[in-house]
Amino acid sequence: MYKSSLALAVALGVLAQQAGAAGFIEDSKLSVSSRTMYFNNDNREAHGSKPRPDARESGQGFKLDYISGFTQGTVGFGVDAQALWGIHLDGGKGYHQDGSTFMPSESNGSSVAQWARFGANAKARFSKTEVHYGSALAPNLPILVSNDGRLLPQTFEGGTLQTKEIDNLTINAGQLTHAMGRASSNRTGLAVSGSGAFRDSNKFQFAGGDWKVTKDLTLQYYYSNLEDYYKQHFLGLTHVYQIDQNQSFKTDLRYFDSSKDGKNGETGYAFGNNGGYAKHAGEVDNKTWSAMFTYTLGSHALMLGHQQISDDGGFVWLNQGNVRKDGSNSPLEGNGGASFYLFSDSMINQFAKAGENTTFGQYSYDFAGLGVPGLKASVSYLRGEDGRATNGHGTFSEWERDARIDYVLQGGALKGLGFSLRQGVYRGTGSGSAADQDQTRFIVNYTYAFM
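Residues -21 to -1, 1 to 430 (mature numbering (1 follows the signal peptide of the UniProt record, and there is no 0)) are what the sequence shown spells out, left to right.
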């Protein structure tokens, strides 16, 4: 529990009573979410001295969310609070990996029995502008995507601003200082992936906007800077062409330009380039573009696309997995697990190393068209070619196939109860590819709203 967030929550609660609580209370929402998850990662190739490299665990997560309305007046105030609790169920003795991003590890490398954390945000609204400050932020922007791929979600500490004062233009800006990982009770500073990146930064700044040119066309630009690691520009375009009531064609174009900042490349601030080649070891130097096209016909959707990673280094994103509390000799903080805004951020691999040309596709079907609402299925395939070998000589290739089926109850006492079964297969050849893996996840989600 972070004292600063709790103090903000208490202060705003008092303020709400003094300022007139009508909107604060009437627009409040309180809910509890439950997630039960089984995770099985079968490493087909043993690593080093590990006799059992597989991960096989199950756990139970609970998330309590309180979202207030705003007090009355020219400037409205409110508070959001979040309590998270994770419980280890049974993963099979010896199948928990130290440093796992599924659940935290004890000092002896075994899984903890349970872990918890609390966060809260103070918020204010003036006209069409909102400001949030606290430790329960979960951005979903092209330059930062909060990860929710395990029991508990990743959250951030800092401040954000969103304004819609100009019609059809949404502007987002902010500064983040810490992250709380999906398998951790601790907060850490911010960093990138790589064994050399064990020093953290407490300044991730961003700004940008989404301009809805027409109802069908949206343009995006964002800039972000993780101090002492990287600067990143993003350009995006999405367009939906409605062929008729039952058909549409969507175009999604994305471009990232990333470069080093400050101490990047020095001891403690090195980027691992996702385990691949780098023209300048430890430094960020990358340009990445991707294009996706989706044709939807009734319940069917077919997506095809291509992605190109430049030759000088891998794609970079915020990732605290290698941050250490007191430097290179201290244990990992356990804040691994991060997402980024590219389709290649798939179930097992990222296809984000220098030189990779990745072609991908996905077919999905909504069974509501056959009279079974709530049932959906999809299968996707990615193939990366021409990735530069880690030593810079030669190339490697890799592919991944992912399938999932989801069902959400549409009525009854347990309306909203959801089930998700996911299975992925990854294979790679050549220096620079990851170890072959098969992965299975089974997830049960349920959210109950009190108000």
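Treat the hints as calculated values from the structure; they're not laboratory data. Just so you know, even glycine gets a beta-carbon here, dropped at the ideal spot from N, CA and C. Be aware that a few hints might be false.
What the hints assert, rightly or not - Distance windows between CB atoms, simulated:
hint	residue 1	residue 2	range
1	Gln51	Met430	17 to 25 Å
2	Lys143	Gly371	23 to 31 Å
3	Asp223	Leu283	20 to 28 Å
4	Gly371	Leu281	36 to 44 Å
5	Thr426	Asn370	42 to 50 Å
6	Asn370	Lys143	23 to 31 Å
7	Thr426	Glu144	31 to 39 Å
Against the structure, test the hints numbered earlier, and report the numbers of the ones violated in rising order.
Checked against the structure, the hints that fail are numbers 2 and 6, while the rest are satisfied.
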